[in-house]
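Read in our numbering, the sequence shown has 53 at position 53, and its numbers run on one by one without any break.
Treat each hint with caution, since some may be false.
[Unchecked claim] Think about it this way: if two alpha-carbon atoms lie no more than 30 angstroms apart in a straight line, the pair counts; the simulated DSSO-like pairs of lysine-lysine are:
no., residue 1, residue 2
1, Lys-18, Lys-112
2, Lys-112, Lys-219
3, Lys-95, Lys-219
4, Lys-172, Lys-95
5, Lys-18, Lys-219
6, Lys-112, Lys-172
7, Lys-172, Lys-219
[Unchecked claim] Quick list of the computed label-pair ranges, beta carbon to beta carbon:
no., residue 1, residue 2, range
8, Ala-151, Asp-113, 17 to 25 angstroms
9, Ser-146, Ala-6, 21 to 29 angstroms
10, Pro-102, Arg-188, 28 to 36 angstroms
11, Arg-136, Lys-18, 17 to 25 angstroms
12, Asp-243, Gly-114, 40 to 48 angstroms
13, Thr-78, Gln-128, 42 to 50 angstroms
14, Asp-15, Thr-78, 19 to 27 angstroms
15, Thr-78, Glu-254, 34 to 42 angstroms
16, His-99, Arg-188, 39 to 47 angstroms
Think of the hints as simulated: they come from the structure by calculation, not from any bench. Note that the Cβ used here is the ideal one computed from N, Cα and C, for glycine as well.
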Amino acid sequence: MMLEFADHHFEQVIDFVKSAGDSALDRWRSFDVVEIKDIGGDLATNLDREIERAFHGLCRDLFPGCGFRGEELPELSTGSSNGYTWNIDPIDGTKNFVHEVPIWSVTVSLEKDGTPIFGVIYNPVSRQLYTAMEGRGAHLNGRRLSYSAPADPARMQLAIDFFMRQDDPARKARQDDLLAELFHSFYRVRSIGSGSLALAWLAQGHFGGYLSWGLTEDKYIDIAAGLVIAKEAGAVVAIESLDSGSSVLVVGAERTCDILLALAHGRGDR
1 MMLEFADHHF EQVIDFVKSA GDSALDRWRS FDVVEIKDIG GDLATNLDRE IERAFHGLCR
61 DLFPGCGFRG EELPELSTGS SNGYTWNIDP IDGTKNFVHE VPIWSVTVSL EKDGTPIFGV
121 IYNPVSRQLY TAMEGRGAHL NGRRLSYSAP ADPARMQLAI DFFMRQDDPA RKARQDDLLA
181 ELFHSFYRVR SIGSGSLALA WLAQGHFGGY LSWGLTEDKY IDIAAGLVIA KEAGAVVAIE
241 SLDSGSSVLV VGAERTCDIL LALAHGRGDR
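I would like the entire structure built from these sequences, with the hints used as guidance.
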């Protein structure tokens, strides 16, 4: 596809993500928790905010007219005058980061009219850099990725993101029903605490499918880059509304997506 920006601008974004990730790794054990969110289920650190603010400055200088959305600093959010919007989750998997679990990443995406078209995910612990641009494929450290997975769910690892609301017993009961059905249908069901890395690992072939139940706009920022990477690696991406007003997003082979959507409609939203 043709973009309105030069390739070297995207290279600068990739360089920023790598530098931010390496800096966060260097300071992994010298950070401050500055906010506790969602009744203790989510956290923010000073590093989250520093990275987000720095990326906002880069976007302002390199991409005038583009919108901006970040995970941690809503006051930096701006609308778009050209249809393009940059998203950043400065540390996706902050709770893992805080507890020294090496499953976290810096993740950045660009969307055009609401559709993600470019994504970068970097896990500095493993030195894994995932990149993708619509029409140009997905890559891990420069190597082209091609999604593949077992056809039989009973042989497949499934990644999930469930945004639980402990204060909504009815919704939690519906999610419990769906979880039970997923555990029954798939070989393994995993929630790794980083939606971006779950989708990147799907593009690698580690996970055969992905399901996010109760997706919200702030959580979309987490996974937008992963959606580009998974799709460019060959996976199908589908999102549907449920009767309750929630939404379900699934990624994988077409048959896997059909199975996941059927389970979500039949068990997760009754």
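Index of numbered hints that the structure contradicts, given in increasing order: Of the numbered hints, 6, 8, 10, 12, 13, 16 do not hold.
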